[in-house]
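J.: Listed below, chain by chain, are the residues.
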Amino acid sequence: MEKTEILKSEMLEKHHLRREEMRADVLRPLQKSGLWGNIWVAFLIAIILIGGYAYYLQLKNGLIVTGLRDYATWGIYISNFVFFVAISLVGALISSVLRLTNFTWYRPLTRIAEIIAVAGVIWAGLIIIVDMGRPDRILNLFLHPRIQSPILWDVIVVSTYLTTSVLLLYLPLIPGIAICRNTLTNKPKWQRWMYKVLSLGWNGTEEQWKIMKRSIAILCVVIIPLAISIHTVTSWLFATTLRPGWDSTNFGPYFVAGAFLAGTACVIIGMYVFRKAYHFEKYLTDEHFGYMAKLLVFLAFVYAYFNINEYFIPYYKMRGPEARLLTDLFSGKFAGLYWSAQILGMALPAVLLMFKQMRKPLPVTLISIPVVVFAWVKRYLIVTPILIHPYLPIQNVPESWKNYFPSWVEIAIVSASLAGVLLIITIFSRLFPMISIWETLENEGIDLEEMDKLKIEKV
Amino acid sequence: MKNENDKSDRRKFLKFGALAGGVVLLGSAIGKAITPEPEKKSGEKVKVLTADGKLMEVDGCQMKHPAANKFTNQEMRKGISGKKFVMVIDLARCANARKCVEGCQKMHHKQAPTEWIKVKRMDDAATLTPYWFPQPCFHCDNPPCTKVCPVDATFKREDGLVVIDNERCIGCRFCMAACPYNARSFNWGEPIIPQGMEQEEYSIEKSFPAKKGTVEKCDFCPDMARQGKLPDCVTECPNGTIFFGDQNEDTVTNGELTFRLKELLTNRAGYRYLEELGTEPRVYYLPPVNRDFKFEEDSKQHNTEDYKII
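Those protein sequence lines, which keep their order, are chains A and B.
Going by the working numbering, the residue at position 303 of the first sequence is 303; the numbering climbs one at a time, nothing skipped.
Going by the working numbering, the residue at position 180 of the second sequence is 1180; the numbering climbs one at a time, nothing skipped.
No wet-lab data here; the hints were simulated from the structure.
Because the structure is a prediction, the values reported are computed rather than measured.
It is possible that part of the hints are untrue.
[What the hints assert, rightly or not] Only pairs whose alpha carbons sit at most 20 Å apart, straight line, appear in this in silico SDA-like list of lysine to any residue:
| # | chain 1 | residue 1 | chain 2 | residue 2 |
| --- | --- | --- | --- | --- |
| 1 | A | Lys402 | B | Lys1120 |
| 2 | A | Lys187 | A | Leu200 |
| 3 | B | Lys1308 | A | Asp136 |
| 4 | A | Lys402 | B | Glu1305 |
| 5 | A | Lys60 | B | Lys1300 |
| 6 | B | Lys1212 | A | Leu200 |
| 7 | B | Lys1300 | A | Leu200 |
| 8 | B | Lys1120 | A | Leu200 |
[Claimed, not checked] Partial list, computed: chain A residues near chain B (C-beta under 7 Å):
| # | residue |
| --- | --- |
| 9 | Leu63 |
| 10 | Trp74 |
| 11 | Leu126 |
| 12 | Ile129 |
| 13 | Arg137 |
| 14 | Asn140 |
| 15 | Leu141 |
| 16 | Leu242 |
| 17 | Ser340 |
| 18 | Gln342 |
| 19 | Tyr391 |
| 20 | Gln395 |
| 21 | Asn396 |
[What the hints assert, rightly or not] Listed below are several chain B residues computed to face chain A (Cβ distance under 7 Å; list not exhaustive):
| # | residue |
| --- | --- |
| 22 | Ala1112 |
| 23 | Val1148 |
| 24 | Cys1149 |
| 25 | Asp1152 |
| 26 | Phe1155 |
| 27 | Lys1156 |
| 28 | Ala1177 |
| 29 | Ser1185 |
| 30 | Ile1192 |
| 31 | Pro1238 |
| 32 | His1302 |
| 33 | Tyr1307 |
Note that beta-carbon positions come from the ideal geometry of N, C-alpha and C, so glycine has one too.
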């Protein structure tokens, strides 16, 4: 009896030390930002300011300052919107699908995935407003709504998904905020006040743990249909039309599969950056990169399956107007982009990551970069080539209308939106712990709820 | 119940409108007689029916038609009751004169390269002779464009027209993406309004004045129909290619020739473009058989200049 007591207290002491160690590791990056960190933020803000000026010009002169015209009526604003919605799906995949399927290795990654999701959805909502000809009339969506329009569906699911994602980011973060509140006492007044408000008076009571864990469990279930809806509805912006190339019943799952692939690659890059910049080697281990690499292979195969259905079955038939589009994609003016997207953005990464040596952090990250870049390109290929391959021939229009090339205004605004996503992630990571302490330790068999119950703060 | 009331209200309103119209016309005629202000004669004579049933001929410039502006936005959203507008385009008559395009641009104060009606060279197959294909908005009965509008800014009216409320449109261009015929245009920049017309009140039946950042298209000229006039694309065509009319009356006319719609479509094998899409267009085509003109290549390129930012 005596012996077990001693053993138990020894174990508790070990757990406590481990918790203290992890708290210190996770909070260290919040203490101060280095020179490079500040240059990075200044760089992002500069890009956003240029984009802001470009948007001012667009508001003043109208969409005439873009490369868009009557045929290519949607361009990189819309493809960028689809891209942001796509990467935001990974939040649901990592924190929810893996949780419900009883995996545990993903736990240190949840916060990175969730903040990518939240930043992605926020900028998806903003970039779609940039695409509007009359942003001043945005209230018409609420004054004269037509629920039959897929745009209304998108408004509903995007806002619901944003709310749910913010909650799924925030709830598991509450114990972390409480630690910030208790330990980061040297921070400016506003920051301390923010921690105080956001921690909702968390002090680890049994009741608080129970409410938090229950809420997370419910959100994890709710977010799956929401995540699938948000990207399926986005695919319906195209699939509800009669245009050859969009008029496809495959579009919903095709978009969702592509979104999971792109988002997973984004999380891998995020993991690598935080591992290096914040010295999280102990928490974002080689093993995590290995798992994520395998997930990427699996998702690339799923995506390839939908791509075959989407492009090669119509190619087999070569139906009139679709044939012109597919010829242009496969061997025409879009062939370079198309095959780069399919090979560098999907096929090659899947093949390479099947080799064990490639599943180390650096190679996985390097392989993930083209996956993300060509995920963006692929969304451009989904939007624009279809619009310039209509049923009726394009005649008697200026030469520039027959093709689409984004203007500097569009490029500046899209760059600003990408910088905006990175800025949200950066600022968040300066204010809050990027790894969930309690979730990670739970993985190691250390139950913080239990420790709170025993009131183990000091040994 | 409410609808019934609405209807009888409208009937009353229309009766009143007709009466008021007559009075205004008479009044203005008397007014003219008393104060002879110098007004430019358009030279175009228009036949009008006076309130007491007399047929008179007046100068076109006197046709101000206050009635067209008197309808509320709600009335114009409903459309002209009892009508089902329809267009028949005889491809055998089209010689690519492009007068429909010019007439339309002039009437709607649009500048190139915006064309609400387009004339396209159609090459169906290498073994077939090409033909010219005037293409307005098809005013589909199952319109893919109005379905996707998030704010009911483009909609189907009782009289078959698909029109746009440019004061409500948010410029998302979903309707442009949804239209399989690319019938829609966009006001990319600040629209050019002819001098002296800037103050004109916006009317969805005129699609004028154009609004920046909104979608526009061929509207079948309901304001002209209210005046009993044909759209300019019909009257401007030197070859009488385009016929306009009312399906309920079973009549279409190009201004010179008038046909029974059903007979014409039966005898000349009328068809609708891309019938298989199921959009149910209100524009019918007569195939280019026994053509009035031999196919001739276009002598020059059109609309080579893009818009200028103003």
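J.: Hint by hint, say whether it matches the structure.
T.: Going through the hints against the structure:
1. A:Lys402 with B:Lys1120: Since the Cα atoms of lysine 402 of chain A and lysine 1120 of chain B sit roughly 15 Å apart, the hinted pair holds (cutoff 20 Å).
2. A:Lys187 with A:Leu200: holds (19 Å)
3. B:Lys1308 with A:Asp136: Violated, at about 23 Å.
4. A:Lys402 with B:Glu1305: holds (13 Å)
5. A:Lys60 with B:Lys1300: Status violated; Cα separation ~35 Å.
6. B:Lys1212 with A:Leu200: violated (48 Å)
7. B:Lys1300 with A:Leu200: violated (73 Å)
8. B:Lys1120 with A:Leu200: violated (67 Å)
9. Leu63: It holds, given that the least Cβ distance between leucine 63 of chain A and chain B is near 5 Å, below 7 Å.
10. Trp74: Nearest chain B Cβ about 6 Å off; hint holds.
11. Leu126: Cβ of leucine 126 of chain A sits 15 Å from chain B, so the hint is violated.
12. Ile129: Given a least distance of 10 Å, the restraint on isoleucine 129 of chain A is violated.
13. Arg137: OK, holds: arginine 137 of chain A within 7 Å of chain B, min 5 Å.
14. Asn140: Hint holds; asparagine 140 of chain A Cβ to chain B Cβ min 4 Å, cut 7 Å.
15. Leu141: This hint holds: leucine 141 of chain A lies near chain B, its Cβ roughly 6 Å from the closest one there, short of 7 Å.
16. Leu242: OK, holds: leucine 242 of chain A within 7 Å of chain B, min 4 Å.
17. Ser340: The hint is violated - serine 340 of chain A has no Cβ within 7 Å of chain B, the shortest such distance being about 25 Å.
18. Gln342: At about 24 Å, which exceeds the 7 Å cut-off, the nearest Cβ of chain B leaves the hint on glutamine 342 of chain A violated.
19. Tyr391: holds (6 Å)
20. Gln395: holds (5 Å)
21. Asn396: Holds, about 4 Å.
22. Ala1112: For alanine 1112 of chain B, the interface hint is violated, since the closest Cβ of chain A sits about 9 Å away, which is over 7 Å.
23. Val1148: holds (5 Å)
24. Cys1149: Cβ of cysteine 1149 of chain B sits 6 Å from chain A, so the hint holds.
25. Asp1152: The hint holds - aspartate 1152 of chain B has a Cβ within 7 Å of chain A, the shortest such distance being about 5 Å.
26. Phe1155: Status violated, d = 9 Å.
27. Lys1156: Nearest chain A Cβ about 12 Å off; hint violated.
28. Ala1177: holds (6 Å)
29. Ser1185: Given a least distance of 5 Å, the restraint on serine 1185 of chain B holds.
30. Ile1192: violated (12 Å)
31. Pro1238: violated (19 Å)
32. His1302: holds (4 Å)
33. Tyr1307: Because about 6 Å separates tyrosine 1307 of chain B from the closest Cβ in chain A, which is inside the 7 Å limit, the hint holds.
This entry does not satisfy hints 3, 5, 6, 7, 8, 11, 12, 17, 18, 22, 26, 27, 30 and 31, going by the numbered hints stated previously.
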